[in-house]
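Number of protein chains: 2
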Amino acid sequence: MTVEKYGIFELKIVGAADPVATFTCGADSIKVSGFQSGEGMYAVRFMPKKEGEWKYSVKCGDSEKTGSFECVKNSGINHGPVEADGTAFRYADGSVFAPVGTTCYAWIHQPVELIEETYKSFENAPFNKVRMCLFPKHMPYNHNDPDLYPFEKDENGGWDVNRPCFKFWDHFDSCMMKLMDMGIEADLILFHPYDRWGFSKFSREEDFIYLDYCIRRLSAYRNIWWSLANEYDFVGTKTKDDWEAFGEKVNADDPYGHLLSIHNGMLIYPKTDWMTHVSIQHKVVANVSKWIREFNLPVIIDECGYEGNIEFGWGNLSAFEMVHRAWISVVKGGYITHGETYYREDEVLWWAKGGKLYGESPARFAFLKNLQYEIGVLQPTTFRALSDPNNPPDESAMGEHAPFFRALLALPEDERANKIAELTPNMGKNENYSLQYLGRSCPLFMDSMLPENGTYRVEVIDVWDMTRKTVLDGVCGRIKIPLPAKEGIAVLSTRLSGDNF
Amino acid sequence: MTVEKYGIFELKIVGAADPVATFTCGADSIKVSGFQSGEGMYAVRFMPKKEGEWKYSVKCGDSEKTGSFECVKNSGINHGPVEADGTAFRYADGSVFAPVGTTCYAWIHQPVELIEETYKSFENAPFNKVRMCLFPKHMPYNHNDPDLYPFEKDENGGWDVNRPCFKFWDHFDSCMMKLMDMGIEADLILFHPYDRWGFSKFSREEDFIYLDYCIRRLSAYRNIWWSLANEYDFVGTKTKDDWEAFGEKVNADDPYGHLLSIHNGMLIYPKTDWMTHVSIQHKVVANVSKWIREFNLPVIIDECGYEGNIEFGWGNLSAFEMVHRAWISVVKGGYITHGETYYREDEVLWWAKGGKLYGESPARFAFLKNLQYEIGVLQPTTFRALSDPNNPPDESAMGEHAPFFRALLALPEDERANKIAELTPNMGKNENYSLQYLGRSCPLFMDSMLPENGTYRVEVIDVWDMTRKTVLDGVCGRIKIPLPAKEGIAVLSTRLSGDNF
Chain W
0 MTVEKYGIFE LKIVGAADPV ATFTCGADSI KVSGFQSGEG MYAVRFMPKK
50 EGEWKYSVKC GDSEKTGSFE CVKNSGINHG PVEADGTAFR YADGSVFAPV
100 GTTCYAWIHQ PVELIEETYK SFENAPFNKV RMCLFPKHMP YNHNDPDLYP
150 FEKDENGGWD VNRPCFKFWD HFDSCMMKLM DMGIEADLIL FHPYDRWGFS
200 KFSREEDFIY LDYCIRRLSA YRNIWWSLAN EYDFVGTKTK DDWEAFGEKV
250 NADDPYGHLL SIHNGMLIYP KTDWMTHVSI QHKVVANVSK WIREFNLPVI
300 IDECGYEGNI EFGWGNLSAF EMVHRAWISV VKGGYITHGE TYYREDEVLW
350 WAKGGKLYGE SPARFAFLKN LQYEIGVLQP TTFRALSDPN NPPDESAMGE
400 HAPFFRALLA LPEDERANKI AELTPNMGKN ENYSLQYLGR SCPLFMDSML
450 PENGTYRVEV IDVWDMTRKT VLDGVCGRIK IPLPAKEGIA VLSTRLSGDN
500 F
Chain H
0 MTVEKYGIFE LKIVGAADPV ATFTCGADSI KVSGFQSGEG MYAVRFMPKK
50 EGEWKYSVKC GDSEKTGSFE CVKNSGINHG PVEADGTAFR YADGSVFAPV
100 GTTCYAWIHQ PVELIEETYK SFENAPFNKV RMCLFPKHMP YNHNDPDLYP
150 FEKDENGGWD VNRPCFKFWD HFDSCMMKLM DMGIEADLIL FHPYDRWGFS
200 KFSREEDFIY LDYCIRRLSA YRNIWWSLAN EYDFVGTKTK DDWEAFGEKV
250 NADDPYGHLL SIHNGMLIYP KTDWMTHVSI QHKVVANVSK WIREFNLPVI
300 IDECGYEGNI EFGWGNLSAF EMVHRAWISV VKGGYITHGE TYYREDEVLW
350 WAKGGKLYGE SPARFAFLKN LQYEIGVLQP TTFRALSDPN NPPDESAMGE
400 HAPFFRALLA LPEDERANKI AELTPNMGKN ENYSLQYLGR SCPLFMDSML
450 PENGTYRVEV IDVWDMTRKT VLDGVCGRIK IPLPAKEGIA VLSTRLSGDN
500 F
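So the protein sequences, as listed, match chains W and H.
Just so we're aligned: the first sequence equals residues 0 to 500 in numbering that gives the first Met the number 0.
Just so we're aligned: the second sequence equals residues 0 to 500 in numbering that gives the first Met the number 0.
Next up, chain W with everything else stripped away, as it sits in the complex (with noise of 0.2 Å):
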């Protein structure tokens, strides 16, 4: 037998409870245990990240059942799971990753045909990642039972934890592989508040059962991440002592070391030592490098509204707001993801249900997209003349604005901080690439500064129309940029050779 590295090798096993498997490959030997996957049936999962052969062995009470298979090298769009790089991502092969996600809450607990619908929708858009629930939601726009529960109900009509319900499962089994197959990652969240079923109500203990068997039956697809809630400071019956406790246990217990994060309604979580990367909803999308520099980990701004024109604030952002968004999140090193809650009589909204995407912004995401796998990483700039107190320019460079220049720097320090940071551009930059958002700025030409040393294309990007248009070609140093005078304009500037930027 072979399974392609990073794909999934599963045992099935009948009738002996709890089993736990070691894999072995030369040096490596993995622990994993299984799950139950039917009535008197059990499973071991398990996801090979390395080449060669593969040994095992089961233990099942006092059986033990050995065997082996080849592990042979990944292929097509299989580069593994997603792991942290610095304040960026990479497939576990070190190709490029970048998160372009979007958001459908509940599309796991729709109808098939509607599910059906929602893979059309995910196979034409450009989104590699999706924020999804485990457990159905409550809310506007959400009232409709799903037909599967995770759990089976106690006699009491309470659920019972210990008796998942096996076709809920493999139900979801089919959205998991379907979404591997089609290259996009689920960022699965684990709990979250919108709950009139009461599954945000269990006790630590029965918590614990849960995420365990999410572990050993999930995490061997490469395209999991862990998203311990949607909203924790909105889950009113949990605490920062759970949210920790899950933290540990999920980190503790997934042998791959899956990315894990947890996402905020109003208070972001403090940086530990579990996240791998941030999980954010915020509106202000700018303050993404502050929040890169804080936690020194990547940054996904997983809520910033939806583009939408339901009657909540949050659901009602043109498509041009939203594609701005995402524009300044990115040119800033950080990550944002989509979502679109357009209103239907049938309530069947994308950013819950899934179906069609109906807004113009999915093209944009596309646009910028193809931009961020073209130009690589972004280290945000700051606005660094100015930074040093102790080292400000001189008079000649700050010519008619001195005045502004020498109050600014006379400002106390945490008022002089976050005056740089708003006046900061949403810029960033790696040695072959500089990418500027003008944002809603309107201006009909920019003066800038290229190195010195080489030779550099300026190329005027409108995000909107989706074009590209190369306005200086082999200069240096000191420019003009002609600008359109419009909002929605980036400038790319690319070192064709000569010194990095």
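No wet-lab data here; the hints were simulated from the structure.
For each residue, glycine too, the CB sits at the ideal point set by N, CA and C.
Hints are not guaranteed to be accurate.
Stated by the list, open to error - Within a straight-line C-alpha distance of at most 35 Å, the following computed DSBU-like cross-link-like pairs (lysine-lysine) qualify:
hint, chain 1, residue 1, chain 2, residue 2
1, H, 479, W, 270
2, H, 418, W, 239
3, H, 479, W, 282
4, W, 119, W, 418
Unchecked claim - Every beta carbon over 12 Å from chain W, so not counted as near; a handful from chain H, in silico:
hint, residue
5, 0
6, 14
7, 76
8, 147
9, 283
10, 372
The hints should help you fit chain H onto chain W, whose structure is shown.
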């Protein structure tokens, strides 16, 4: 001789220096100092604020002259000086005044043909206040020297503050008179940082001589407002102590108590006794309701950026963004000042030099101004239901958003206050009207609550297209308002009968 109430009575005195006059009408007695108006010529100006016979006596050295004039009822557009009225304004005769200002810092320092063009623009524009400097201005797009300066030079080439340039001041008088005849308030900036001539480098004594002359010569104009500074904190040559001394002096010496404020670059000037209103530079105009609360004075955002396309972030707002900021300021109970900075090769930009208006926002300021005068002064609303943690809304009122509301109520006090401010709609009320501006939100409908007892009309306003459409009429209580799902929409509810808003 007759003079209108709030008009100017001027006594010309030849040869006798330092005249001081006392004007008496019934129990009112007002002492007014004169000023030198030419070589060997002096004048005393007086603005009567009461109808009837005014008697005066003028002392010049040892001699004394007496006389009288008849003060008659004000007429036409003469409503007297503007005064603060709580957190709003009114004219001295009780008429409504809502400042809808614009900015032409150095228009008086331009060639006469350009000044004539500026007057034409004023006549056709909605603006009833102009921010303007007494001293000339040095800055990008401000490179031409004026023909006249306020003072003559001494033998060393420095300014002699004891020798006013009478040609300058005669010119300035003609500008003031013209503005007065057009019903435009002159928000006169007494000091500013953008100086290559040395006017910002006077000693305290020289500053006082200059201020003294301004007050003696200009305070009889009913349309003058004193703005101690443009961007006081960028004037590196003055200290807090200077500004306080200037404020106290103007307040003490101006016989009429004209409006008096000071405008910031970055740090808003703290409240003082001499301040009649707040003149703010800030781009986050939604703070206006916070500033109104803090200062308990009228608040004008005199600089929030300018409609234009120049290279500086403050000078390249789209016309929509300029209008958007105006609506936010106004519905939250404040006021805002327009400005325009469209690039021109000849450097004649409205914001500095006047000339022609090219932008699309002035027509929208006119539309908004009409509405302001129609509905009267608005008080900003707060997100009241959530502002008192001891009296939270009950669970049923929280509805499906209960997790969010509970989390909000659980926030630390200052974070809760910030969040509530952020959540508070852009909305103002008085007894007859409720006006909400939806800004960049694009809902298809809005659930809202009118008083239960009465009949009300609901209009949907498009702030850009300048249209008003009645969508509900004769309704009360809980309503659902159909909306066009686009940016720049406001909702005006009008009481037809029954309970006040």
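* Does the claim that residue 147(H) lies outside the interface with chain W hold up, using a Cβ gap greater than 12 Å? -> holds, 23 Å
* To do: Confirm or reject the statement that residue 0(H) sits farther than 12 Å, beta carbon to beta carbon, from all of chain W.
  => Correct as stated: the minimum Cβ-Cβ distance to chain W is 47 Å, above 12 Å.
* Beyond 12 Å from every Cβ of chain W: is that where the Cβ of residue 283(H) lies? -> Not fine: 9 Å to the nearest Cβ puts residue 283(H) too close to chain W.
* **Straight-line alpha-carbon gap residue 119(W) to residue 418(W), limit 35 Å** => violated, 46 Å
* Asked: Is the hinted pair residue 479(H) and residue 282(W) satisfied, with a Cα-Cα distance of at most 35 Å?
  -> Given that 35 Å is the threshold and the Cα spacing comes to 26 Å, the pair holds.
* **Separation of residue 372(H) from chain W, once the least beta-carbon distance is taken, above 12 Å** => It holds; residue 372(H) is separated from chain W by about 30 Å at its closest Cβ, greater than 12 Å.
* Closest CB of chain W to the CB of residue 14(H) still more than 12 Å away -> For residue 14(H), whose nearest Cβ neighbour in chain W is about 43 Å away, the distance exceeds 12 Å, so it holds.
* Agreement of residue 418(H) and residue 239(W) with the hint, judged by alpha carbon distance not exceeding 35 Å -> holds, 21 Å
* **Given pair status - residue 270(W), residue 479(H), alpha carbons within 35 Å** => violated, 43 Å
* **Whether residue 76(H) stays farther than 12 Å from all C-beta atoms of chain W, as the label says** => holds, 36 Å
Consistency note: the structure conflicts with the earlier hints numbered 1, 4, 9.
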